[in-house]
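Trainee: Here are the chains, one letter per residue:
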Amino acid sequence: MKSLSTHKLHLFAAALFILLHIPIALAQNAHIPASSIPTADLIQPADLAASLQSASPKPLILQVGSHVLFAEAHIPGAEYAGPTNQDAGLQILKDRIATLSKDTPIVLYCGCCPWDRCPNIAPAYNLLHAMGFTHFKVLYIADNFGANWVAKGYPVAKGRS
Amino acid sequence: MKPRSLLLAIAILFTTTLALPAPPKTTAPDFTLTTLEGKPLHLSSYRGKLVLLNFWATWCGPCIAEIPRFSSWQTKFGPQGFQVIGVSMDDDKAPVQKAARKFQLTYPVVMGDEHLGELYGGILGLPITFLISPEGKILARIQGETDLNQLEKRVATLLAAKKP
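Sequence order for the protein chains is H and W.
So in our numbering, spot 108 of the first sequence is number 108, and the numbers just go up one at a time.
So in our numbering, spot 83 of the second sequence is number 83, and the numbers just go up one at a time.
These are computed hints drawn from the structure, not numbers from a lab.
There may be inaccurate statements among the hints.
Examples of chain W residues toward chain H, derived with CB under 8 angstroms [to be verified]:
hint, residue
1, Ala57
2, Gly112
3, Gly125
4, Asp147
Here the structure is a predicted model, which means the values were calculated and not measured.
Cβ coordinates follow ideal geometry from the N, Cα and C atoms, glycine included.
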C-alpha cells in the first residue's frame, strides 16, 4: 500500500514537472508569429527613444535577433541575447535573465524582418512570460531596425558587445 | 529688376535646371569574400554582367521565399550575362551550408558581416537585394520581400537591352 502511494507520488511529480515545462517547450517553437504578442505588452520606438533620453531608470534592453545585425547597429546599452528562434539562442537569453529579479524592467527587440515574419521575438517573449517576468515590453518594429529606428534618428551604437 | 529681365532670369534658370545631367548612379562597393566552397569571390570580377546581389539569412522567412526563384533565374538568365550572388548575414556558416544544399543553389554564396553591411549603406533588415549594372552601378536597392514577377521582368528587360 505504501509503495503504491509512493508510486502515485512519483507519477504526480512527473506530471507536475511536465506541466511546468510545457510553456518553456512552447517558447522554443520557432514558428510563433509576433502578432501573437498582446498589444498591451508592446512599446513603440518613439516611446522607448524618449524614455532613453529621460532621466528615468533605464530598462535592460536585449536584442534577440542576429549578431551581425546587432554589430552593425543597436540601441545604446542593449545586450545581445539571441537568436531566439534557435534553442542555443533561447538558452543565451535564459542564462542572461536567470538571476534577475522577476520584476526587472526589460525591453526585448529584434528588427531583423517585418514584424509578422520575425522568427525571434515571439519565442523570446514567451520565454520571459513562462519564466514569470512581470515588467517587460517588446519593441514593436513594423518593418526592420534600419527603417523604424536608425532612419528615425534615434540613438545607435555599433559593435558586437 | 525689370519684369522682362526677371522673366529672362527665370527662363535661364529653368532651362539650366532641365539641362542638368541626371545624378550619377552609385558604384557598387567592391568586396572580396570567401564562398561556401572556400573560393575567393571578387564582386568586381563580375563586371560585364548584370548582377543581383542578395543579402539574406537562413532564419529570415521572406528571404527563404525568394531563394528558389533566384536560383532558377541563374539557370535561366545566366547564359545571357546574369549573375546572382548571395550574401548570408547568418552568424554561422553551418546553417548556410545546409540551406545551400537543401535549395541546390545555382549561384555562389558568401558570408557577410557588419563591415560589408555598412559598406552597402546598412543592412539592418532582411532581405535586401541590389541590382547592379554590367558597369558596376547600383540600379536598384530593394528592401524587403520583393515582387518577384516584376523583378524578373526587369531583369529580362535589362538583359535584352544589354545585347549588342
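Trainee: All hints are to be evaluated individually against the structure, with a verdict given for each.
Mentor: Against the structure, the hints:
| no. | hint | verdict |
| --- | --- | --- |
| 1 | Ala57 | holds (6 angstroms) |
| 2 | Gly112 | holds (7 angstroms) |
| 3 | Gly125 | holds (2 angstroms) |
| 4 | Asp147 | violated (15 angstroms) |
Hint 4 alone, counting from the list given before, is not met by this structure.
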